[in-house]
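Participant: So the protein lines, in turn, are chains A and B.
Just so you know, we're using my numbering here: the first sequence kicks off at 1 and counts up by one.
Just so you know, we're using my numbering here: the second sequence kicks off at 1 and counts up by one.
Fair warning: there could be bad hints in the mix.
What the hints assert, rightly or not - Taking lysine to aspartate or glutamate pairs in the DMTMM-like style, the calculated list, with each CA pair at most 20 Å apart, reads:
{"no.": "1", "chain 1": "B", "residue 1": "92", "chain 2": "B", "residue 2": "151"}
{"no.": "2", "chain 1": "A", "residue 1": "221", "chain 2": "B", "residue 2": "137"}
{"no.": "3", "chain 1": "A", "residue 1": "221", "chain 2": "B", "residue 2": "143"}
{"no.": "4", "chain 1": "B", "residue 1": "134", "chain 2": "B", "residue 2": "112"}
{"no.": "5", "chain 1": "A", "residue 1": "221", "chain 2": "B", "residue 2": "114"}
{"no.": "6", "chain 1": "B", "residue 1": "92", "chain 2": "B", "residue 2": "137"}
{"no.": "7", "chain 1": "B", "residue 1": "92", "chain 2": "B", "residue 2": "24"}
{"no.": "8", "chain 1": "B", "residue 1": "126", "chain 2": "B", "residue 2": "91"}
{"no.": "9", "chain 1": "B", "residue 1": "134", "chain 2": "B", "residue 2": "104"}
{"no.": "10", "chain 1": "B", "residue 1": "134", "chain 2": "A", "residue 2": "274"}
{"no.": "11", "chain 1": "B", "residue 1": "126", "chain 2": "B", "residue 2": "114"}
{"no.": "12", "chain 1": "B", "residue 1": "126", "chain 2": "B", "residue 2": "24"}
{"no.": "13", "chain 1": "B", "residue 1": "92", "chain 2": "B", "residue 2": "143"}
{"no.": "14", "chain 1": "A", "residue 1": "284", "chain 2": "A", "residue 2": "241"}
{"no.": "15", "chain 1": "B", "residue 1": "134", "chain 2": "A", "residue 2": "200"}
Rather than coming from a laboratory, the hints here were simulated on the basis of the structure.
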Amino acid sequence: MKNPSNSSEQALEDYLKDLLCESTALKSIDTVKSVDTVPLRIASEEMTGARPSATLAHLPTRIANHSAVAPTSSTLPLRTYAEPIKTLNLRMPLPVLAPVVTPAPVEIPAVIAPVPESFAPSNELPRAPIAPAELATTVAPAELAGEVEDDLSLPGAPAAWLDNGRPAWAQQPFECLLFKVGGLALAAPLAELGSIYPLDTESLTAIFGQAAWFMGLLPVKGYNVRAIDAAQVVMPERYAESMRQFYRYVITLHGSDWGLAVDSVADSIVLQPDEVRWRGQRSKRPWLAGTLVTQMCALLDVAQLIWMFQNQDGKRIVPRL
Amino acid sequence: MAIKTAKNVEDPMLQWVTFRLDGETYGINVMQVQEVLRYTEIAPVPGAPSYVLGIINLRGNVVTVLDTRDRFGLPESEITEQTRIVIIEAEKHVIGIMVDAVAEVVYLRQSEIETAPNVGNEDNAKFIQGVCHKNNELLILVELDRLLTDEEWADLDDL
């Protein structure tokens with residue numbers, strides 16, 4: 001009998017690969033082949049026991065073909081290509097898991113293991129990545145770090161974490177999207193993200209008088225994404241202007257017009273809540289939710305990021321639903 | 001007819017003169033534009049603020065010319081064949097603003113204008129009235145009346 005878990009994971013993998021734009025110049029983390037239109041499968045009750053999701057069988061797809069880290073602008077496709085990440089979340093039911101047995105407490109060693117090779121930085125990037133533990137000693141730009149504490153009384157403040165020290169979206173196993181910014185591996189909960197758009201620098205409109213971390217407006221599908229220089233936000237102490245030339249995608253934050261400019265997008269993984277070392281004190285870098293223990297990368301608190309950006313926006317734009 | 005008129009009143013069609021500056025396209029209200037001149041020699045005024053390039057003689061009238069790049073916080077650029085001086089009227093003052101090139105007049109409805117972000121600490125962001133997607137590019141609409149503060153407008157009279 002077919003293993004519904006394996007089928008779901010394969011379909012998930014295929015679908016995520018389909019999201020990436022076709023670009024012959026990008027180097028792949030996991031090299032994939034380009035294919036023609038692929039009919040998407042519908043999750044059936046027989047396979048997963050869940051109710052069927054909406055059919056997307058005739059949605060044309062294309063798998064990104066990566067080959068180098070720094071493509072020239074002439075090799076990047078002009079096609080706007082995006083798929084809401086949430087549809088993936090809806091279509092792909094969580095695998096049926098065995099009962100979780102809480103393991104005995106394990107002391108986390110002081111020395112952080114090296115970042116897995118799949119997320120090793122490219123030699124072409126200006127600096128080597130720092131271990132996630134180093135992120136704990138850095139300070140976000142003052143204009144971002146200070147605002148959260150001062151303006152929590154404003155409407156739209158993110159919900160506080162629950163008493164178990166985890167956010168509401170991490171009470172059950174949750175899906176995470178892995179991506180790279182300035183050579184640094186990062187993760188964000190899939191349910192908190194919107195869509196992935198190719199970053200066409202020609203379409204990006206810079207606005208004068210804005211903060212350095214605001215790259216500009218990217219017109220997509222009838223509205224303008226506010227592109228953020230993610231490297232400046234998460235690692236200002238080692239930021240270099242040259243990092244911007246490696247941005248290839250903008251990942252929008254669900255429910256807002258804000259989007260993070262990133263180098264590359266990798267896979268989506270399912271995490272158990274205890275696979276994350278959650279942060280206790282978050283007065284500094286409130287956007288850092290915790291660290292993925294296995295992948296050794298930082299997990300972003302997207303709601304806090306949106307909150308920080310909106311606090312900086314003098315016009316207090318209403319979040320997009 | 002009454003419905004159409006009501007719609008036009010509620011969502012008026014506005015005309016904007018567009019110009020290029022540092023690779024981006026900006027728009028200003030056509031009603032405030034008097035004329036567009038080719039670049040001509042500008043006489044500097046000693047002691048004037050950095051955003052004032054100087055003065056020109058326009059048919060016997062002295063017109064102050066502003067450095068739009070400086071005002072917007074953009075880097076300096078060389079004068080080219082496309083450089084223009086746009087003579088505008090704002091806050092009861094007639095001044096010139098130097099731009100890289102003048103493009104065209106576009107028609108925009110009020111409903112098409114979106115709010116622009118304001119995440120900077122600089123005061124120059126207050127010039128931006130909004131943004132609008134037109135002809136496959138994003139126009140940044142400038143509110144000329146806010147180009148200078150009341151005090152700065154008054155200082156122009158003393159140049």
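Participant: So which hints don't hold here, by number, going up?
Facilitator: Hint check: 3, 6, 7, 10, 14 fail, others pass.
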